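Peer 1: One letter stands for each residue in the lines below.
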Amino acid sequence: MKFKINRDHFANGLAQVLNVVGSKATMPILSNVLIEAEKDQISLTTTNLDLGIRCHIKAEVKETGAVTLPVKRLATIVRELPNIDVSVDASPNHQVKIASGGSNFRIMGIGKEEFPPLPEFGDEKAYDLEQEELTAMLKSVAYAQSTDETRYILNGVYFNFKDGKLTLVATDGRRLALTSKEMEVPAANSGAIILPAKTVAELTRLLDKGAKLKINFNERRAAFQIATDKDSSGLVDSVYLYSKVVEGNYPNYQQVIPKETHQRIKLERELFLQCVHRAALVCSEKSNSVKIKLTSNLLEITAQSPDFGEAHESMAIGYSGPDLQVAFNPAFIMDPLRALTKDEVFFEVKDEVSPGVFKTLDSFICVIMPVRLS
Amino acid sequence: MTVSVPPDPVPPPRRVGHLAARGYAWRGIPFAVRLPTIVHLDADAFFVSCELALKPELRGTKCAVGGRERGIISSASYEARACGVYTPMPTARALKVCPDLIMLPHTSGLYGKVSRRMFDLCEALTPVVQRNSIDEGYLDLGPCGFASSAAIEERVRGLQERISLELQIPVSFGIAANKLVAQIASKLRKPRGFVVVPPGGEEAFLAPLPIGRLPGIGAKTEAALNARGLKLVGDITARNDSELESVFGGGWREIRAIARGEDERPVETERDDAKSYSQQETFADDIGDPGEIERVAKGMIDALLPKIRGDGKRVRTMTVKVRYGDFSQEAHGRSLEAATDLEAPFYPLVAPLLRAAWKQRRPLRLVSVRFSGVEDGPAQLEMFAQTDEKRRRLAGVLDRLNAGRKTAAVVLHGHQLAKKPPVV
Numbered sequence: 001m002k003f004k005i006n007r008d009h010f011a012n013g014l015a016q017v018l019n020v021v022g023s024k025a026t027m028p029i030l031s032n033v034l035i036e037a038e039k040d041q042i043s044l045t046t047t048n049l050d051l052g053i054r055c056h057i058k059a060e061v062k063e064t065g066a067v068t069l070p071v072k073r074l075a076t077i078v079r080e081l082p083n084i085d086v087s088v089d090a091s092p093n094h095q096v097k098i099a100s101g102g103s104n105f106r107i108m109g110i111g112k113e114e115f116p117p118l119p120e121f122g123d124e125k126a127y128d129l130e131q132e133e134l135t136a137m138l139k140s141v142a143y144a145q146s147t148d149e150t151r152y153i154l155n156g157v158y159f160n161f162k163d164g165k166l167t168l169v170a171t172d173g174r175r176l177a178l179t180s181k182e183m184e185v186p187a188a189n190s191g192a193i194i195l196p197a198k199t200v201a202e203l204t205r206l207l208d209k210g211a212k213l214k215i216n217f218n219e220r221r222a223a224f225q226i227a228t229d230k231d232s233s234g235l236v237d238s239v240y241l242y243s244k245v246v247e248g249n250y251p252n253y254q255q256v257i258p259k260e261t262h263q264r265i266k267l268e269r270e271l272f273l274q275c276v277h278r279a280a281l282v283c284s285e286k287s288n289s290v291k292i293k294l295t296s297n298l299l300e301i302t303a304q305s306p307d308f309g310e311a312h313e314s315m316a317i318g319y320s321g322p323d324l325q326v327a328f329n330p331a332f333i334m335d336p337l338r339a340l341t342k343d344e345v346f347f348e349v350k351d352e353v354s355p356g357v358f359k360t361l362d363s364f365i366c367v368i369m370p371v372r373l374s
Numbered sequence: 375m376t377v378s379v380p381p382d383p384v385p386p387p388r389r390v391g392h393l394a395a396r397g398y399a400w401r402g403i404p405f406a407v408r409l410p411t412i413v414h415l416d417a418d419a420f421f422v423s424c425e426l427a428l429k430p431e432l433r434g435t436k437c438a439v440g441g442r443e444r445g446i447i448s449s450a451s452y453e454a455r456a457c458g459v460y461t462p463m464p465t466a467r468a469l470k471v472c473p474d475l476i477m478l479p480h481t482s483g484l485y486g487k488v489s490r491r492m493f494d495l496c497e498a499l500t501p502v503v504q505r506n507s508i509d510e511g512y513l514d515l516g517p518c519g520f521a522s523s524a525a526i527e528e529r530v531r532g533l534q535e536r537i538s539l540e541l542q543i544p545v546s547f548g549i550a551a552n553k554l555v556a557q558i559a560s561k562l563r564k565p566r567g568f569v570v571v572p573p574g575g576e577e578a579f580l581a582p583l584p585i586g587r588l589p590g591i592g593a594k595t596e597a598a599l600n601a602r603g604l605k606l607v608g609d610i611t612a613r614n615d616s617e618l619e620s621v622f623g624g625g626w627r628e629i630r631a632i633a634r635g636e637d638e639r640p641v642e643t644e645r646d647d648a649k650s651y652s653q654q655e656t657f658a659d660d661i662g663d664p665g666e667i668e669r670v671a672k673g674m675i676d677a678l679l680p681k682i683r684g685d686g687k688r689v690r691t692m693t694v695k696v697r698y699g700d701f702s703q704e705a706h707g708r709s710l711e712a713a714t715d716l717e718a719p720f721y722p723l724v725a726p727l728l729r730a731a732w733k734q735r736r737p738l739r740l741v742s743v744r745f746s747g748v749e750d751g752p753a754q755l756e757m758f759a760q761t762d763e764k765r766r767r768l769a770g771v772l773d774r775l776n777a778g779r780k781t782a783a784v785v786l787h788g789h790q791l792a793k794k795p796p797v798v
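Residue numbers (the numbering used here), protein chains in the order written: chain A, 1 to 374; chain B, 375 to 798.
The following block holds chain A by itself, in its conformation from the complex:
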């Protein structure tokens, strides 16, 4: 295998696949990147067996072939090379020579035979989506995923293609965020998957390379082909992301979304966020809640921790309902407010033990459970 490549393109390609490595102890080759050279491009592949990424970089291929190299060290070396032109030459014993300007490296590789192949997809359920739109949808729910490993079902984002729309849901059992978009979903093609948190993070990172992406899935795995038509640093074709899905039944989220609206207030998103953020500055790990108090045309936010002090914020709002107060974990309020982009949000509350609900004029809902004050 022998090719010439632009240093920055090579570095950019390695950066796309860098995060996905397996544990060195169990399978050393999983910390390597598989480099395959053919025609006028090289492909770079990494996998940790649960998740795999492949991208393609344009290159001047002189001799086709393949080799694997430790990806972290290789990426560091390529970034630091002195000259924009880089030549890579692999010998049959998997030693790879990398030359750039006056720099010469010889790196020990491993043959491609041991590298586990990424499963390719055939005729699973498939949909085309817009990258920009999916990015916004993922961002508006991803913060609500659970990080508690004992609730592994909740360690991901639920994708539900059903009834003429795609719904994304994430919950940690104390809050739930949901967003949906209308699209054509043939009945035979409807289905749902739980995409693991790590895959969601990688997908979100990759979704700015082009206009479209394609998702394929069955009940065990999912794959994304992400177009790279907006990329100007060497990526060609599409980035391929493969992932196992979380197997199991996602909880019935419909039952926790309140059916009735009790008191609805319209809030300036930025202002509310700032007030809650300031009030929460006095919170501590032991007393991590802010109290929201509604009276006629006034919203007050208070927080306190016994050994530090207290904070009081007030906002003028349009409100004529009964006086009520309810306390929440401040992060549960701030996370959706940060993730949204609309200037105005609606916040619905009922009483001190009923959930609060954020809504926007889009199909967005975030349900947050209160903190019961003793």
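Take the hints with a grain of salt, since some may be wrong.
[As the list claims (entries may be wrong)] Computed footprint of chain B on chain A, listed as stretches where at least three residues anywhere in the stretch have a Cβ under 8 Å from a Cβ of chain B:
id : segment
1  : 165-178
2  : 361-373
[Claimed, not checked] Between beta-carbon pairs, the in silico distance windows are:
id : chain 1 : residue 1 : chain 2 : residue 2 : range
3  : B       : TYR721    : A       : ARG372    : 22 to 32 Å
4  : B       : ASP750    : A       : LYS230    : 33 to 43 Å
5  : B       : LEU775    : A       : PRO322    : 28 to 38 Å
[As the list claims (entries may be wrong)] Here are some chain A residues pointing at chain B (derived, C-beta under 7 Å):
id : residue
6  : VAL256
7  : PRO258
8  : SER289
Worth flagging that the hints you see were computed from the coordinates, not collected in a lab.
No experiment lies behind these values; they were computed from the predicted model shown.
Even for Gly, the Cβ is constructed at its ideal location relative to N, Cα and C.
Guided by the hints, dock chain B onto chain A, whose structure is given.
Peer 2: Showing chain B alone in chain A's frame:
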């Protein structure tokens, strides 16, 4: 019995400035106004005394309160103590050393009631009362503004008589300038003791006492110290710093402070929150049936959680302890993901914890359940837990129904019902 150590003559006012300037000040208060305001009260043989108040015909007999057969003695009359009965001693052994011992069963609710009335009488004297346990506590008469040591003595004697008169129980008092000395003093002349240690006389008071009278020095430590020539408290204060360090190691300064009768702890009126909740049961005959043990353990969950709810707390960790016939024991615990005030999340832990703790295939003498990881304050509500809210409402109803009932007519959970014998 009463012992009064002669107080130092109250120094004439003109000496006050002189002494204070030389450092004879105590908590910033000039020497002249120092009074023994800390009182330790310790009821004598409390459970037995409560029983004797109801059964005066048993006064002067060798009697004890405790469990029968396989139980232990929880309180013994002074006559029984003279025969070698002590607490906690297995009842069977007590009956061997004192065959004519009259065993009285626990009277449920009695001791708590007497204790409350006793402390109520204390609070009539001063608001600063620290209830250490059911039968023992501290009073601070500092805020009462007594002018002299004699006035304090008179009032505390009045309290002792009032408790004796109204509750028919003997109580011993120790009066001193701090909790440490007051506590040692109250235990010195039991029963009906009344010992006053004047301020400044602490070291002299402690010096002739055996070293084992000091808190923290148990029988083993006492024997070890005796072997090194330290028999009396005064032997500690007589040693120099390096000698003390070689005997007591890094903590020698604290030991010396205790031996000198120095203590700065205030009387705390608010009781510390419970760190754990536990219950145990000793069986009349060893039990080898896992189903039965599981039923008993679940019954303990049902008994403890209402208390936890009543205190407005939640608990996270459950520990099950088993004890075999030979008193060897083993315990195993597990924590829930989040603290709860409901019984249900703990039921599924009973069987696995029992399996983990009860490794030897031998019948059990005792099983206990303990809840720790106590939390209070705001509780984050869960989303997929509507059943929890229903359970909490149900538990609230049960708690109200069962409140005030002791053993009869409480609402039981299904698993608390003993298995019916098979129908023949």
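Peer 1: Hint by hint, note whether the structure agrees.
Peer 2: We went through each hint and held it up to the structure:
Here's how the segment 165-178 of chain A fares: 5 of its residues keep a CB closer than 8 Å to some CB of chain B, so the rule of at least three is met and the hint holds. Chain B is given as covering the segment 361-373 of chain A, and this holds because 6 residues of the stretch bring a CB closer than 8 Å to a CB of that chain, at least three being needed. As the Cβ distance of B/TYR721 to A/ARG372 is approximately 23 Å, the hint placing it in 22 to 32 Å holds. Under the hint 33 to 43 Å, the C-beta atoms of B/ASP750 and A/LYS230, about 55 Å apart, miss the expected range.
Between B/LEU775 and A/PRO322 the Cβ separation comes to about 33 Å, which falls inside the hinted range of 28 to 38 Å. Because the closest C-beta pair between A/VAL256 and chain B is about 5 Å apart, less than 7 Å, the hint holds. Of the supplied interface hints, the one on A/PRO258 is violated, with its beta-carbon coming no nearer than about 11 Å to a beta-carbon of chain B, more than 7 Å. Restraint check, A/SER289 versus chain B: the minimum CB separation of about 5 Å is within 7 Å; hint holds.
Violated hints, in rising order: 4 and 7; the structure is consistent with all others.
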